[in-house]
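Please take these sequences and the hints and turn them into a complete structure.
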Amino acid sequence: MGSVVSRLGCTFLGILYPAYCTFKTLKRQEFDEQTQWLTFWVVYSCFLVLERVADVLLAWIPLYYEWKLLFVSWLVLPQFRGAHLLYRQYLGPCLSRRETQIDHTIHKVKKSSTEKLQQWAVQGLNYVKMSGIESLVSLQEEELENRNPNIGKTQKQTKLHQTKTTRSKKI
Numbered sequence: 001m002g003s004v005v006s007r008l009g010c011t012f013l014g015i016l017y018p019a020y021c022t023f024k025t026l027k028r029q030e031f032d033e034q035t036q037w038l039t040f041w042v043v044y045s046c047f048l049v050l051e052r053v054a055d056v057l058l059a060w061i062p063l064y065y066e067w068k069l070l071f072v073s074w075l076v077l078p079q080f081r082g083a084h085l086l087y088r089q090y091l092g093p094c095l096s097r098r099e100t101q102i103d104h105t106i107h108k109v110k111k112s113s114t115e116k117l118q119q120w121a122v123q124g125l126n127y128v129k130m131s132g133i134e135s136l137v138s139l140q141e142e143e144l145e146n147r148n149p150n151i152g153k154t155q156k157q158t159k160l161h162q163t164k165t166t167r168s169k170k171i
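For what it's worth, the UniProt record's numbering labels the leading residue of the sequence shown as 1, then goes sequentially.
The hints are simulated quantities; they were obtained by calculation from the structure and are not laboratory data.
For each residue, glycine too, the CB sits at the ideal point set by N, CA and C.
Warning: the hint list may mix true and false statements.
In silico DSS-like cross-links for lysine-lysine, where the CA-CA straight-line distance does not exceed 30 Å [as the list claims (entries may be wrong)]:
no., residue 1, residue 2
1, K129, K116
2, K110, K129
3, K111, K129
Restraint ranges, calculated between C-beta atoms of paired labels, are given here [claimed, not checked]:
no., residue 1, residue 2, range
4, S45, P78, 28 to 34 Å
5, R97, L48, 32 to 38 Å
6, E30, I106, 26 to 32 Å
7, Q79, Q34, 37 to 43 Å
8, L26, Q79, 19 to 25 Å
9, Q34, R97, 22 to 28 Å
10, P78, V5, 38 to 44 Å
11, S3, W41, 53 to 59 Å
12, G124, E66, 45 to 51 Å
13, W60, T105, 29 to 35 Å
14, Q79, F23, 19 to 25 Å
15, H107, S45, 37 to 43 Å
16, G92, L117, 32 to 38 Å
Written as structure tokens, this is what we have:
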């Protein structure tokens, strides 16, 4: 069948079909079906993470992509309820045992990323402020120079003198 067809099948069966079924279930507001699809999304999310590693390590195995397509079919199709089985027997208990650790890690990541984003925002605003002020000063100098070329030269000479004086004081 090949990897291209299998990948398309996995995308359709693993994402598009369940997304549409979830939409229909939410519209009907049926609790049992909602539970089934929520369970599927939790299991499928874990599968996608593992798939990234597995594709690199196992893609050389003959019929790997076909087996993956069969596995996704088993997970998603209501006749098999594979996602429900994996969740109930393995994933649910594993997540429950580690729930406190996971919550703590998520809290730490949220806090540190929020702090980092705030730092970047402040740095960005400061940069924009400084660049804006420097641009305004430059525009004013150009405007003055255009109006009266002698005034612009005098100001530049004054700035040069101030810069030299400041440097000599530092030495």
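Verification of the hints:
1. For the hint pairing K129 with K116, the CA-to-CA distance comes to about 20 Å; that is within 30 Å, so the pair holds.
2. Taking the CA atoms of K110 and K129, the gap is near 28 Å; set against the 30 Å cutoff, the hint holds.
3. This hinted pair checks out: K111 and K129 have alpha carbons roughly 27 Å apart, not beyond 30 Å.
4. In this structure, S45 and P78 break the distance hint of 28 to 34 Å, their C-beta atoms being roughly 19 Å apart.
5. A hinted range of 32 to 38 Å for the beta carbons of R97 and L48 is inconsistent with their spacing of about 22 Å.
6. The beta-carbon spacing between E30 and I106, approximately 30 Å, falls within the hinted interval of 26 to 32 Å.
7. Between Q79 and Q34 the C-beta distance comes to about 19 Å, which lies outside the given range of 37 to 43 Å.
8. Hint check: L26 to Q79, Cβ distance near 22 Å, so the stated range 19 to 25 Å holds.
9. The given range of 22 to 28 Å is respected by Q34 and R97, whose C-beta atoms sit roughly 25 Å from each other.
10. For P78 and V5, the hinted distance range of 38 to 44 Å is not satisfied, since their beta carbons lie about 24 Å from each other.
11. Between S3 and W41, the C-beta spacing of about 24 Å breaks the proposed range 53 to 59 Å.
12. As the Cβ distance of G124 to E66 is approximately 49 Å, the hint placing it in 45 to 51 Å holds.
13. Between W60 and T105 the beta carbon distance is about 34 Å. The supplied range of 29 to 35 Å therefore holds.
14. Range check, Q79 to F23: Cβ separation about 20 Å, and the 19 to 25 Å hint holds.
15. For H107 and S45, the Cβ-Cβ distance of about 20 Å falls outside the hinted range of 37 to 43 Å, so the restraint is violated.
16. Checking the proposed 32 to 38 Å range against G92 and L117 shows it holds: the Cβ atoms sit about 33 Å from each other.
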